[in-house]
Amino acid sequence: DVKVTQSSRYLVKRTGEKVFLECVQDMDHENMFWYRQDPGLGLRLIYFSYDVKMKEKGDIPEGYSVSREKKERFSLILESASTNQTSMYLCASSSPGQGSSYNEQFFGPGTRLTVL
Amino acid sequence: TQLLEQSPQFLSIQEGENLTVYCNSSSVFSSLQWYRQEPGEGPVLLVTVVTGGEVKKLKRLTFQFGDARKDSSLHITAAQPGDTGLYLCAGVAGSARQLTFGSGTQLTVLP
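Protein sequences appear in the order of chains A and B.
Per this note's numbering, the first sequence starts with residue 1, numbered consecutively.
Per this note's numbering, the second sequence starts with residue 1, numbered consecutively.
Hint data in this document are derived by calculation from the structure and do not stem from the laboratory.
Computed from a prediction, not measured in an experiment: that's the story for all the values here.
It cannot be assumed that every hint is accurate.
Stated by the list, open to error - Derived BS3-like pairs (lysine-lysine); straight-line CA-CA distance at most 27 Å: (1) K3(A) to K55(A); (2) K59(B) to K3(A); (3) K70(B) to K56(B); (4) K70(B) to K57(A); (5) K57(A) to K3(A).
Whenever a hint applies, use it, and build me the whole structure from the sequences.
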């Protein structure tokens, strides 16, 4: 059974703390993504990566950074957490395939982060 | 940034009723996907539509891609409580590997 796992389901941090969110996939996918999900706003792309050590900014990268040292692992870093970063964070992976499976993204269960 | 607007944002219906969810954009997409997300889980792909005018059926769910590939709809026949969830449309522009997601429709089917 293919899987995307995220290090924590729930996380509570204080303003100014450095926060690491880890994501691991076991499908040998090239592409990995970090989204945040807020009510009424859908999923907004923070960063993505198409290869090891490669990263691209998404729509809302400010206040975040990422690291991809191994193909299966993609980390999201909040250098100095702020209250407006309280959200659900979702990691996803995909592989450039053919036909209807092209761009199908597989998601982890999410990390609900609260910044106090 | 290309935008996808979904309507309605919230929908609460009785078991057995039919419903339609809409996903609209001013931009053209090379393909469009529909995902369903249940509480505490990540979204799961339901279907991908690729060709303008395409219609796909998944049991009681019917998905349609607009002729101009700018919009899509999801129709559910005889909704059941198990259909409850957040429905998200997502578009692929050109050969891009990333998706643009709509804001979602929260569906509640009451027994």
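Subject >> Structure versus earlier hints, numbers of those that do not hold, lowest first >> reply: As far as the earlier hints go, not one is violated by this structure.
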